[in-house]
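Asker: Chains A and B, in that order, give the protein sequences. Going by the working numbering, 125 is the number at position 125 of the first sequence; the sequence numbering is gapless. Going by the working numbering, 34 is the number at position 34 of the second sequence; the sequence numbering is gapless.
The hints are simulated quantities; they were obtained by calculation from the structure and are not laboratory data. The reader is advised that the hints may include incorrect statements.
Which copy is meant is left open, so a pair is good if it fits within one copy or across any two.
Here are the simulated SDA-like cross-link-like pairs (lysine to any residue), alpha carbons at most 20 angstroms apart as the crow flies [said to hold, decoys possible]:
id	residue 1	residue 2
1	K2	E158
2	K91	A193
3	K91	N191
4	K91	F102
5	K91	G101
6	K169	R80
7	K2	H180
8	K169	T186
9	K91	P152
10	K2	R206
11	K91	T29
12	K2	S51
13	K91	L27
14	K58	G90
15	K91	P176
16	K169	L203
Only a predicted model underlies this, so the values are computations on that prediction, with no experimental measurement involved.
Protein chains: 2
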Amino acid sequence: MKRIAESTVRRLSIYLRFLEEFEDRGLTTVSSEELARRGGTTSAQVRKDLSFFGSFGKRGLGYSVPELSSALRDILGLGREWRVVIIGAGKIGAALAQYRGFRQRGYNIVAAYDSNREKIGRSLEGIEIRDMARFESDIATERPEIAVIAIPAEGAQEVLDRIVRTGIKAVLNFAPVQLHAPADVTVRAVNMAMELEGLSFALTNRE
Amino acid sequence: MKRIAESTVRRLSIYLRFLEEFEDRGLTTVSSEELARRGGTTSAQVRKDLSFFGSFGKRGLGYSVPELSSALRDILGLGREWRVVIIGAGKIGAALAQYRGFRQRGYNIVAAYDSNREKIGRSLEGIEIRDMARFESDIATERPEIAVIAIPAEGAQEVLDRIVRTGIKAVLNFAPVQLHAPADVTVRAVNMAMELEGLSFALTNRE
DNA sequence: GCTAGTTTGTGAACGAATTCACAAGCCCCT
DNA sequence: AGGGGCTTGTGAATTCGTTCACAAACTAGC
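Model the full assembly from the supplied sequences, consistent with the hints where possible.
Answerer: In structure tokens form, the structure reads like this:
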């Protein structure tokens, strides 16, 4: 299969969100034009994005809402459950743990890890906080597919190295540092500081 | 001035982070090659990124660490203080409010807003939680430059419309929806659900 | 002050992503 | 059953972003 651009995948997520809304409202078909308007893009872009994966529409009519959402869920890997571990039981870990959208979409948070004696053994929004020392042995038996780094910048690369050694291939990083991993490990970053700097840049440099 | 790509601005943030680290370690010069290695890019990319804004280096030597960090801080608008309001005093709002990196870089959180009677009047990590009903009148007197949306998806577009009407031109959105704003308002989105879907996509569709 | 060794800054080449534009296909109405 | 009106799917054209490659400019050593 041809390599798919990250931007395409992001848009598929956006389309899926609208499709789910349309499903709830009982709509049966939708046009690329409508999806584009909602998603802030163009109808040609929508059709091109979908065309990488197949033909889901009917000419003259549009896309069947249930069919297309089902197809997108499959494409995005939402047709199964994913086991997720969170490293870092601080505020960000807590915000993640309580977010209902994750479980709804099949992301099952199996545990949180921390090194702070105060936190170990307690629960984070119903999720067990375990000693980071147990990390490797737990992973070996529970085999989660996704790890979330929710600790400060300083220890993040070291934690990522440990994650990589366990064989986990997908990591979501909330620490405000650029991390390095082998090519077969996908690392996505959420960096609030960087986004804010994008805003102050825009405010500063506009005509 | 020529339009600068968002990807360029993101990289500038990354470079600045390393430069600050180098400053702390007392290093005086750095090459584009070194910055590239740390930032996960190429030296040509680093030089091209910087060249949009001027010539900061010395041929044969590299860049002066203090000079380049100062230049990047100016470019990214970090040479002044920005007033920020957070809308939504939930878990995400709390995670933001306690994050020390913001104040360090000149983002001053002036207040948080919520509609929940329970929360109004309390404090979020030392920041006053105010009634959302006061929003417009407060903005008119305090004139913050940046608003952060940290509420669930449902009310987010409506809140953005209110923000836009106050004249605020920069918004950071944590709600998992695509929002629409006039072209002169910069909206950056942080969408954890979308990032996770990027990961499950990568796990599902790889050879 | 000259030479060898670096590293920048930047046009030109390349590659990737988006947009255009239109034939092909489908629905609905008469 | 045929025609008009839509909307998809997709090559081609275009735009945007990255990488290449090298002259220009600097340092350091002799």
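Asker: Determine for every hint whether it applies to the structure shown.
Answerer: Structure-based check of all given hints:
{"no.": "1", "hint": "K2 x E158", "verdict": "neither (33 angstroms within a copy, 40 angstroms between copies)"}
{"no.": "2", "hint": "K91 x A193", "verdict": "both (16 angstroms within a copy, 17 angstroms between copies)"}
{"no.": "3", "hint": "K91 x N191", "verdict": "both (15 angstroms within a copy, 17 angstroms between copies)"}
{"no.": "4", "hint": "K91 x F102", "verdict": "both (17 angstroms within a copy, 15 angstroms between copies)"}
{"no.": "5", "hint": "K91 x G101", "verdict": "both (18 angstroms within a copy, 14 angstroms between copies)"}
{"no.": "6", "hint": "K169 x R80", "verdict": "within (17 angstroms within a copy, 40 angstroms between copies)"}
{"no.": "7", "hint": "K2 x H180", "verdict": "neither (25 angstroms within a copy, 32 angstroms between copies)"}
{"no.": "8", "hint": "K169 x T186", "verdict": "within (6 angstroms within a copy, 34 angstroms between copies)"}
{"no.": "9", "hint": "K91 x P152", "verdict": "both (11 angstroms within a copy, 17 angstroms between copies)"}
{"no.": "10", "hint": "K2 x R206", "verdict": "between (38 angstroms within a copy, 10 angstroms between copies)"}
{"no.": "11", "hint": "K91 x T29", "verdict": "neither (41 angstroms within a copy, 37 angstroms between copies)"}
{"no.": "12", "hint": "K2 x S51", "verdict": "within (12 angstroms within a copy, 33 angstroms between copies)"}
{"no.": "13", "hint": "K91 x L27", "verdict": "neither (39 angstroms within a copy, 34 angstroms between copies)"}
{"no.": "14", "hint": "K58 x G90", "verdict": "neither (49 angstroms within a copy, 43 angstroms between copies)"}
{"no.": "15", "hint": "K91 x P176", "verdict": "both (15 angstroms within a copy, 19 angstroms between copies)"}
{"no.": "16", "hint": "K169 x L203", "verdict": "between (38 angstroms within a copy, 7 angstroms between copies)"}
Checked against the numbered hints given earlier, the structure breaks hints 1, 7, 11, 13 and 14 and satisfies all the rest.
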